[in-house]
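J.: Listed below, chain by chain, are the residues.
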Amino acid sequence: MSPVIPIRSDATNGCGDAPVLRERGQREVFCGLTGIIWLHRKIQDAFFLVVGSRTCAHLIQSAAGVMIFAEPRFATAIIDERDLAGLADCNTELDRVVTRLLERRPDIKLLFLVGSCPSEVIKLDLSRAASRLSAQFSPDVRVLNYSGSGIETTFTQGEDACLASLVPSLPAAEASPALMVVGALSDVVEDQFARLFAQLGIGRVHFFPPRKATLLPPVGPGTRFLLAQPFLADTARALESRGARRLAAPYPLGVEGTTLWLQAAANEFAVSPQVFEQTTAPPRQRASAALARQRLRLSGKRIFFFPDSQLEVPLARFLSRELGMSLVEVGTPYLHREHLAEELALLPPDTLLSEGQHVENQLDRCRAERPDIVVCGLGLANPLEAEGLTTKWAIELVFTPIHGYDQASDLAELFTRPLVRRLQLAA
Amino acid sequence: MQLTLWTYEGPPHVGAMRIATAMESVHYVLHAPQGDTYADLLFTMIERLPKRPPVTYTTFQARDLGGDTAEMFKTAAREAFERFKPKAMMVGASCTAELIQDDPGGLCRALDLPVPVVALELPSYQRKENWGASETFYQMVRALAGPVAPIAPRDTSLRPRCNILGPTALGFRHRDDLREITGLLDRLGVDVNVVAPLGATPDDLGRLRDASFNVVLYPEIASLTAQWLQRSFGQAMTRTVPLGSGATRDFIAEVAGLAGIDPTAALANADARAPWYARSVDSTYLTGKRVFVFGDATHVIAAARMAAREMGFTVVGMGTYSREFAREVREAAKLYGVEALITDDYLDVEQKISELQVELVLGTQMERHIAKRLGVPCAVISAPVHVQDFPARYSPQMGFEGANVMFDSWVHPLMMGLEEHLIGMFRGDAEFHEDAAPSHLGGAAKRHEMQPPSAMGPAQAVIASTSEAPNQTVAGTTTWGADAEQELRKIPFFVRGKARRNTEIYAREKGLPIITIEALYDAKAHFSR
Numbered sequence: 530m531s532p533v534i535p536i537r538s539d540a541t542n543g544c545g546d547a548p549v550l551r552e553r554g555q556r557e558v559f560c561g562l563t564g565i566i567w568l569h570r571k572i573q574d575a576f577f578l579v580v581g582s583r584t585c586a587h588l589i590q591s592a593a594g595v596m597i598f599a600e601p602r603f604a605t606a607i608i609d610e611r612d613l614a615g616l617a618d619c620n621t622e623l624d625r626v627v628t629r630l631l632e633r634r635p636d637i638k639l640l641f642l643v644g645s646c647p648s649e650v651i652k653l654d655l656s657r658a659a660s661r662l663s664a665q666f667s668p669d670v671r672v673l674n675y676s677g678s679g680i681e682t683t684f685t686q687g688e689d690a691c692l693a694s695l696v697p698s699l700p701a702a703e704a705s706p707a708l709m710v711v712g713a714l715s716d717v718v719e720d721q722f723a724r725l726f727a728q729l730g731i732g733r734v735h736f737f738p739p740r741k742a743t744l745l746p747p748v749g750p751g752t753r754f755l756l757a758q759p760f761l762a763d764t765a766r767a768l769e770s771r772g773a774r775r776l777a778a779p780y781p782l783g784v785e786g787t788t789l790w791l792q793a794a795a796n797e798f799a800v801s802p803q804v805f806e807q808t809t810a811p812p813r814q815r816a817s818a819a820l821a822r823q824r825l826r827l828s829g830k831r832i833f834f835f836p837d838s839q840l841e842v843p844l845a846r847f848l849s850r851e852l853g854m855s856l857v858e859v860g861t862p863y864l865h866r867e868h869l870a871e872e873l874a875l876l877p878p879d880t881l882l883s884e885g886q887h888v889e890n891q892l893d894r895c896r897a898e899r900p901d902i903v904v905c906g907l908g909l910a911n912p913l914e915a916e917g918l919t920t921k922w923a924i925e926l927v928f929t930p931i932h933g934y935d936q937a938s939d940l941a942e943l944f945t946r947p948l949v950r951r952l953q954l955a956a
Numbered sequence: 139m140q141l142t143l144w145t146y147e148g149p150p151h152v153g154a155m156r157i158a159t160a161m162e163s164v165h166y167v168l169h170a171p172q173g174d175t176y177a178d179l180l181f182t183m184i185e186r187l188p189k190r191p192p193v194t195y196t197t198f199q200a201r202d203l204g205g206d207t208a209e210m211f212k213t214a215a216r217e218a219f220e221r222f223k224p225k226a227m228m229v230g231a232s233c234t235a236e237l238i239q240d241d242p243g244g245l246c247r248a249l250d251l252p253v254p255v256v257a258l259e260l261p262s263y264q265r266k267e268n269w270g271a272s273e274t275f276y277q278m279v280r281a282l283a284g285p286v287a288p289i290a291p292r293d294t295s296l297r298p299r300c301n302i303l304g305p306t307a308l309g310f311r312h313r314d315d316l317r318e319i320t321g322l323l324d325r326l327g328v329d330v331n332v333v334a335p336l337g338a339t340p341d342d343l344g345r346l347r348d349a350s351f352n353v354v355l356y357p358e359i360a361s362l363t364a365q366w367l368q369r370s371f372g373q374a375m376t377r378t379v380p381l382g383s384g385a386t387r388d389f390i391a392e393v394a395g396l397a398g399i400d401p402t403a404a405l406a407n408a409d410a411r412a413p414w415y416a417r418s419v420d421s422t423y424l425t426g427k428r429v430f431v432f433g434d435a436t437h438v439i440a441a442a443r444m445a446a447r448e449m450g451f452t453v454v455g456m457g458t459y460s461r462e463f464a465r466e467v468r469e470a471a472k473l474y475g476v477e478a479l480i481t482d483d484y485l486d487v488e489q490k491i492s493e494l495q496v497e498l499v500l501g502t503q504m505e506r507h508i509a510k511r512l513g514v515p516c517a518v519i520s521a522p523v524h525v526q527d528f529p530a531r532y533s534p535q536m537g538f539e540g541a542n543v544m545f546d547s548w549v550h551p552l553m554m555g556l557e558e559h560l561i562g563m564f565r566g567d568a569e570f571h572e573d574a575a576p577s578h579l580g581g582a583a584k585r586h587e588m589q590p591p592s593a594m595g596p597a598q599a600v601i602a603s604t605s606e607a608p609n610q611t612v613a614g615t616t617t618w619g620a621d622a623e624q625e626l627r628k629i630p631f632f633v634r635g636k637a638r639r640n641t642e643i644y645a646r647e648k649g650l651p652i653i654t655i656e657a658l659y660d661a662k663a664h665f666s667r
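Quick mapping for you: the protein sequence lines, in order, are chains A and B.
Start counting the first sequence at 530; every next residue gets the next number (the numbering used here).
Start counting the second sequence at 139; every next residue gets the next number (the numbering used here).
A couple of the hints might just be wrong.
What the hints assert, rightly or not - To give a feel for the contact side, a few chain A residues facing chain B, derived at Cβ under 8 Å: (1) Ala604; (2) Asp612; (3) Val717; (4) Ala915.
What the hints assert, rightly or not - A few chain A residues that don't get close to chain B, going by computed Cβ distances all over 10 Å: (5) Leu550; (6) Gln665; (7) Ile680; (8) Ser770; (9) Pro877.
As the list claims (entries may be wrong) - Chain A regions said to be covered by chain B (calculated; three or more residues, Cβ under 8 Å): (10) 729–741; (11) 898–910.
Just so you know, these hints were derived from the structure itself, not from any lab.
Note that the structure is predicted; figures quoted are calculated from it, not measured.
A virtual CB, placed ideally from N, CA and C, is assigned to each residue, including glycine.
Here chain B stands alone, though its shape is the one from the complex:
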């Protein structure tokens, strides 16, 4: 058993629902107990879809377990087919139904429906939402893409055609990423054959073979399918995900290579303000800000690159909950000299963030809560997200406009440069003080301290410092002198935690029993490079 306060991903059948809901003319019959219909509101409330997800649940109850739950499933499947007349059906079980083993696939074969029925085997006790979405998409494509054979070379006088694979329902900014990338491909001179699963019908999946290559926007969802298409139809696939201006340029070059066209014009006309914004002097104060990046693998790898190379931040930690892509994230982390944190345990992430004393967290909805608790600025870069990250306005993450959006949303939570300077110079202002929220964010909300206030006695300070750094075995041997504690308060709040930690490490190394003002500045000189 695993103790879970938060889960980064839902169960795999929610992934399957994301595929079914993204597609048209598909219906999903899910063997599930009463109550599992809660998943509908992910789509109707969080994504604000104006339609019910195309999912029929059997919603069995305890009294049904004594009877024939298999018959219930057959009835539900038959009724769903008659009512919704889908062109293809998906059938499967949720975690509880998996335990009672009614075999939805076999039962549905017995119904002999006149449409393709895809039986999904989603092991709920081993796998999670993204795996479920990936597997479902793969099974749907395998079932509906038509006979496996290499495709004939296309007429080279026509514009090259590609498929776009990956966007789903309930995907973080999938709607706008798709629009941005479709526009980018069009300007590049590439036509889009099929977008899947978002908006695709079963018939569309039968036309996947008409493209000469595949653009994989979200590897978590679509790389399994793209690999199969590569093996079956010889379609190449893109490896670069166009998140950030640099990655978008790489993506254009890669697509141009696959399509056999010249990318020079497209690259020259690239309409990206983010690189100039980041070079402008107003952004100088962003240099070296310590960021921690967490989320799904794709967004984390891309965000780390953009943070380090395009924003000038220092990536002090990165990690992912996508175990399927742990290797890629570990590789990427090496570029920044950090070790990747591969976990789906929210408490591990929280501990890491507080240990690293970061100045900005780029993460998911959960990191937003951690950051709120620790009083650290935060921006959301990846699912899971809540309703505010399915915005009405155009807000892609991908392409050049996506880079613009990311620039704005990452800088926004940070205190602006002038205010940061003034707070470093003058203290004790009634309104603009270090414990107040950045004034451009409005409100007078009290900022939580990253470190406990100095009002406590030395003994308490020791307790506090040990509880913050539970990994330090020798913690507790250093004590802060009252004057040094006072001096520490003069260090701007967003780097104070790091200063405290460094000073304590220094004091332990030197075997100092009490930290004095001198020791504080000695440590500062010692660690400055």
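Bound-form chain A, shown alone:
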């Protein structure tokens, strides 16, 4: 058992050693292609070309809903029966499609070839295609590849795969220490964190992914990185292979999580406790006061998480410790023990953790428990509402600024709103 070092000296070890219910069966989750929906907005000069089937194209457009534009920065190269006849043909076809695309969009600086289930199953070598096309379109366009297939990635793991594919092309940094914040954050949150780190006196801070593909952050042995999101296992490994070191911390959700997350950086960069206190006290107090109002509504309520994004554990920690909710079940598609060690230590002991899914069995457990609120995907939300349960659809948690002090009460409000609404409509 890996040693768990509690950041706070709690009486218990939380959930650090707790057994996990592992299930296999139908998984009601998105595939990693869905990550494209927020990544294409974050990296403004990147284009995502899915190499897949009509299903893949249909998925992205259905998931993106009304947000799709006349000229989106993603598309699908749909494999058809002619491509399935022979692989050589497939590569020529891909080159043709990419050439047509880049002619149409000369503003693109970075092109991701995104693998899908069909392209993985027919073993289309997209990494070779990427290096071939990169050579052809260099220096104007860099072409990379990653897999967002459902067979390999679940929802937010698409971002992990994308960022991991970018790591080898990050410029080399000098040895002097610098901080990197890893994980796509909304612009407003990124700016808040940048200001806090500046006030703490941590001079060189880079955010990864950057807003422009041409502004990639440097990485090297001096790099210390903080994960802003819990689903970045491969990215962390790739950064470590370039000499960077991860700062272990819980995730910056809620007042406590944000403080401990900032503390991990402050410790590493030898920020004095005084400066840390001075910097964090005002936003901490502000956020705590805002949270107190939400606590009145959420305290004592029972919450059930279906697996979706890997954000479930940090969210459960925040909701239980800062808002007094009780955790019925915390499901996650994938539990990375090392990256979640600090989170698990803060969870109440004997929380029911489940990894993977057998959706019918999990629905049976959920119905039997009749929690006050259920966090689940859009395929389950309305059917559960129709059964009289209150739900919070999980994808919104990925599309909303929720990190940091000033978003803590917004995050709580996402859970309050469905409960308030149910009361209002019943009245």
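Start from chain A and add chain B according to the hints.
T.: Then chain B, alone, in the frame of chain A:
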């Protein structure tokens, strides 16, 4: 490979899901990778169904590919049967599962379930959603309709009975079309035997033979099945789709013919306001408005007829993404002297719309985006649609009430007559200006120009005009004089694009190096008929 920004149709297994979800007591076991459950939210979110679609997915992952995915499928099918106790099962594969070739049909036979199991062969790399729905419905009916034999003639003293075929889950206005047409048939004196697939059980499919003819509401879904029923049971089928007042009258006459009843009373009592609304003087300004129609074949053919004959629009272009019905759409397009655009490439449609300089687009959700980008009014007439086109209120497209609904929703995006006149007469108003959205639509949203503003120099104007009309090989030889460009701005915005194009064509024909005000008016006179 095909570069796709948008797809008009999903893969064929989504069509199969639409049949399964429409029906009762049916369960669909789909061999598919993790993630394909996204399709559930089409039904739970877009159509807002309060139940999960009756679909069990195997959701295999990469680690399963090394093992026994066939066994996974069998487990999923067995568990689904035990849990849901359906009266019939459908089994099939999604695009990825098609590649690993586990043969769901054969595997399910080995399970020896005590209910009919229909194995679906849906070639994902060739076919699409509507084909998948049509094929699935056909296979279900073939499997469950009972032995093939001509049916005995019915007792003529009873009211005639028909089946209604075609409405599915996730169909554009299927819910209300069905109610409208059921009411229409009832007033006509015709009973409905079975509606399928929407709301039908496997047992209901066994009763299809009890009707004397079939009403096909959506040929994309049901014409294959209706043809088989015709061959197997001798049931006639309707060919007219009752979209628009004229088509509804034709439909009544056709049904009356098949049922052997007199339609006079039903036609006399037809409660359609749309024809009168279109004749009223307020609608005069609609005359000759240039419309482009795109969508599935059925809705496009019907919308073009209604646009031309019942609204007085000019159909300047029409097309469909339904390749299976390309011939019908080509035939219909000939009626309006245009060539049909048969494509599922969104970029082709976009190019056509901008070339034709239309004043109204009748299309799908995608055309809504194209129209937004080009600043052209748009109404939705066909799937694919988004959540706002599964409305709470009664909103059929079919029958007389459907014609009323279409009249309102097509006219709504157009600028109203008086405002249009006043903007043509007076310019430079701070609030009511030509670049503002029609004021009855509220908001002060800035309208995108159909053409670039005149502020640019001649050289830029040349570039702009060539990029708008990439098909014109000689483009680039004409230049707009600053005064002519200024004059062009005085032409009302919704016809300005056409004026620009016509003037440029005229200038090229005459070999004019620079377009002057004179040339602009010469061109106007030249093209006016």
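J.: Evaluate each hint against the coordinates.
T.: Hint by hint, here is what the structure shows:
no., hint, verdict
1, Ala604, "5 Å, holds"
2, Asp612, "6 Å, holds"
3, Val717, "25 Å, violated"
4, Ala915, "3 Å, holds"
5, Leu550, "18 Å, holds"
6, Gln665, "17 Å, holds"
7, Ile680, "4 Å, violated"
8, Ser770, "22 Å, holds"
9, Pro877, "30 Å, holds"
10, 729–741, "violated (count 0)"
11, 898–910, "holds (count 5)"
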